[in-house]
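J.: Read off the chains here:
There are 2 protein chains.
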Amino acid sequence: MNISIFNKAAIESFEQRYRATFINSLGGFKSLVIVGTKSLSNVANLAPFSSFFHIGAQPALFGLIFRPGTEERHTLSNIITRQQFTVNHVHSSIYVQGHQASARYPAGSSEFNATGLTEAYEDGIDAPFVQESRIRIGAVMREKIDIALNGTTLLLSEIVHVSMPSDCLQRDGFVDLEKAGTLTCSGLDSYHQTERLSRLTYAKPDSWPQAFNVE
Amino acid sequence: MNISIFNKAAIESFEQRYRATFINSLGGFKSLVIVGTKSLSNVANLAPFSSFFHIGAQPALFGLIFRPGTEERHTLSNIITRQQFTVNHVHSSIYVQGHQASARYPAGSSEFNATGLTEAYEDGIDAPFVQESRIRIGAVMREKIDIALNGTTLLLSEIVHVSMPSDCLQRDGFVDLEKAGTLTCSGLDSYHQTERLSRLTYAKPDSWPQAFNVE
Numbered sequence: 001m002n003i004s005i006f007n008k009a010a011i012e013s014f015e016q017r018y019r020a021t022f023i024n025s026l027g028g029f030k031s032l033v034i035v036g037t038k039s040l041s042n043v044a045n046l047a048p049f050s051s052f053f054h055i056g057a058q059p060a061l062f063g064l065i066f067r068p069g070t071e072e073r074h075t076l077s078n079i080i081t082r083q084q085f086t087v088n089h090v091h092s093s094i095y096v097q098g099h100q101a102s103a104r105y106p107a108g109s110s111e112f113n114a115t116g117l118t119e120a121y122e123d124g125i126d127a128p129f130v131q132e133s134r135i136r137i138g139a140v141m142r143e144k145i146d147i148a149l150n151g152t153t154l155l156l157s158e159i160v161h162v163s164m165p166s167d168c169l170q171r172d173g174f175v176d177l178e179k180a181g182t183l184t185c186s187g188l189d190s191y192h193q194t195e196r197l198s199r200l201t202y203a204k205p206d207s208w209p210q211a212f213n214v215e
Numbered sequence: 001m002n003i004s005i006f007n008k009a010a011i012e013s014f015e016q017r018y019r020a021t022f023i024n025s026l027g028g029f030k031s032l033v034i035v036g037t038k039s040l041s042n043v044a045n046l047a048p049f050s051s052f053f054h055i056g057a058q059p060a061l062f063g064l065i066f067r068p069g070t071e072e073r074h075t076l077s078n079i080i081t082r083q084q085f086t087v088n089h090v091h092s093s094i095y096v097q098g099h100q101a102s103a104r105y106p107a108g109s110s111e112f113n114a115t116g117l118t119e120a121y122e123d124g125i126d127a128p129f130v131q132e133s134r135i136r137i138g139a140v141m142r143e144k145i146d147i148a149l150n151g152t153t154l155l156l157s158e159i160v161h162v163s164m165p166s167d168c169l170q171r172d173g174f175v176d177l178e179k180a181g182t183l184t185c186s187g188l189d190s191y192h193q194t195e196r197l198s199r200l201t202y203a204k205p206d207s208w209p210q211a212f213n214v215e
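Going down the list, the protein sequences come from chains F and G.
The first sequence begins at 1 in this note's numbering and counts up by one.
The second sequence begins at 1 in this note's numbering and counts up by one.
In short, the hints are calculated from the structure, not lab data.
From the three backbone atoms N, C-alpha and C, an ideal C-beta is built for every residue, glycine too.
Some hints could be false.
Coverage of chain F stretches by chain G, computed from C-beta distances (three or more under 8 Å per stretch; other residues unrestricted) [what the hints assert, rightly or not]: (1) 17-31; (2) 188-198.
Listed next, the in silico BS3-like pairs over lysine-lysine satisfying Cα-Cα at most 27 Å (straight line) [unchecked claim]: (3) 179/G with 8/F; (4) 144/G with 8/F; (5) 144/F with 8/G; (6) 144/F with 144/G; (7) 179/G with 179/F; (8) 179/F with 144/G.
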């Protein structure tokens, strides 16, 4: 098997778009969600994100990364203005629409209209959900951290609302994403279904983990 | 289809372990890597992480989250001491060993010995790689951010070294994780293979994205 090795100088010498594709896909599979927000003038906005990451369960915190000078900034400014937003999982019937929501539509137009996804509301959350999405999260912004190293923004938010198909929730609290058809993505544009190998028991020094199932 | 809805009060009332499982699995699929470090006394350390996330390509930055009071803290103190570390992708032949590396082994013992994974070194990186891993990253710590909201630590690091099977790198810079057998995970203990639906062309307002392939 041929191995390719790249050092720092080689990585830095990559052409800009090549490097973006390379580095973005290099880190492994990513969460795929569509974030729903509302502007001050009540325009509903959607944008796909692959940077959702878990931070902690108590409080229920997650992070999102916003790059400078992109469409994601509409989402960020809406969140800063209104505090609440939604996070919607993506399955195989809506991933093309989710991808399309990243196009640079004119300010004031809604990605719901442009993509055909359906605006929906749930009690207690003043932001639009994607009706077609099966696992839906309502969130409130908690802290904004500017990352000086490259000008991106890290937004920390709390999960305050969840809706999902009842049969996707297992007895121990595990959310069976595969049962919901939730996709994963890699790089900027690659979409993947998953197939479970197993859940493994908690690791202890004196034994090997075992596969287990919970319904 | 029955839908389960949870508001903030319901989420906060979950029993602690149930809530950790629920919130951790709720956010979608995650990157799965094994981080390799060395202590000041040259003990090689391994720990699995599901919190690797992409921050930017220029410089090539990523983040990792470290929870307080866990085995991950050995990894963090090693990185702070020695600055360099490795990030190793996980495929189906080594995911049980990777999971096992999260067990609380006594200080001073190496997870390489405990799990049977093989220590390997590459030019320019003073930290242990996992020889069985197919996509391997050498990294240097750049910034540590303490998240006051829950006591976790966000470590920002730069990718300075990459080795991978040559046939996993496509002409446009895209790293084909699926070809390398890289796994994804969900929650604390669920491991998954992937199957690509497609890559989609860059989204533009006046057309729908198309599936494409690059070799």
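J.: Look at each hint and say if it fits the structure.
T.: Status of each hint after checking the structure:
1. 17-31: holds (count 15)
2. 188-198: holds (count 10)
3. 179/G with 8/F: holds (24 Å)
4. 144/G with 8/F: holds (21 Å)
5. 144/F with 8/G: holds (21 Å)
6. 144/F with 144/G: The hint holds at about 16 Å.
7. 179/G with 179/F: It holds: about 24 Å lies between the C-alpha atoms, which stays within 27 Å.
8. 179/F with 144/G: Not satisfied, since the Cα-Cα distance of roughly 37 Å exceeds 27 Å.
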